[in-house]
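Novice: Chain residues, written in single-letter form:
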Amino acid sequence: GAVVSQHPSWVICKSGTSVKIECRSLDFQATTMFWYRQFPKQSLMLMATSNEGSKATYEQGVEKDKFLINHASLTLSTLTVTSAHPEDSSFYICSASGTSLNTGELFFGEGSRLTVL
Amino acid sequence: AQSVTQLDSQVPVFEEAPVELRCNYSSSVSVYLFWYVQYPNQGLQLLLKYLSGSTLVKGINGFEAEFNKSQTSFHLRKPSVHISDTAEYFCAVSVSKAAGNKLTFGGGTRVLVKP
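Residue numbers (this note's numbering), protein chains in the order written: chain Y, 833 to 949; chain X, -4 to 110.
If you are wondering where the hints come from, they were derived from the structure by calculation, not from laboratory data. Incorrect hints may appear among the rest.
Said to hold, decoys possible - Distance windows between CB atoms, simulated: (1) Lys852/Y <-> Pro13/X: 38 to 46 Å; (2) Lys64/X <-> Gly848/Y: 48 to 56 Å; (3) Glu895/Y <-> Gly102/X: 37 to 45 Å; (4) Glu15/X <-> Ser886/Y: 36 to 44 Å; (5) Gln40/X <-> Gln861/Y: 17 to 25 Å; (6) Glu10/X <-> Asn883/Y: 39 to 47 Å; (7) Gly885/Y <-> Pro13/X: 30 to 38 Å; (8) Gln66/X <-> Gln861/Y: 37 to 45 Å; (9) Asn883/Y <-> Leu46/X: 22 to 30 Å; (10) Ser841/Y <-> Lys109/X: 23 to 31 Å; (11) Gln(-3)/X <-> Gly893/Y: 13 to 21 Å.
Where is the CB? At the ideal position from N, CA and C, for every residue including glycine.
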């Protein structure tokens, strides 16, 4: 099946710094990538949808200046948490789909756990 | 808009016993249905999906699910669970097979398999 890789798996940072999380599709071209946030023992909350070469579409209530998403190529999308604060600590998961994979299924990365001190 | 309800937030079950995880959805259009599993600190892995055809779908790890259009349900079952099935399970729905279509997730069901 299609493989999506996220990096880093774990990151700890100081309050006020910025953190970048990468999401790569390893064996297919991801025309669309989704970024989710997951709080402990809860479901996935969609943050934004990014299409290659265009601006991301953010869900209601998600600060686009806080969570910068870039989808510059068909295999890479990045999420940058700017000026991170402890309340930004969470598990962030990306998923991807591509026109060559016309099954409706999304392929998920392994997730990135962010801890802001 | 679509919505997904997973009726049980937690399901404790003994090893080798059967388990059923309930999922109901609402949608004004035809849907495609998925079950994903999430192990601790990991992403989601697809267990099975219903796109069309037979309403009984078999997936990985011995799981199966049945699509019931009249009851708008897609319950997941396994006849005999293992300790390794301890995980979070998510039911999801989409309205298109096209790339870029969003999935709407249920709240998740935590399965705890006891020895």
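Novice: Output the numbers, in ascending order, of every earlier hint that fails for this structure.
Specialist: Those not satisfied are hints 3, 7.
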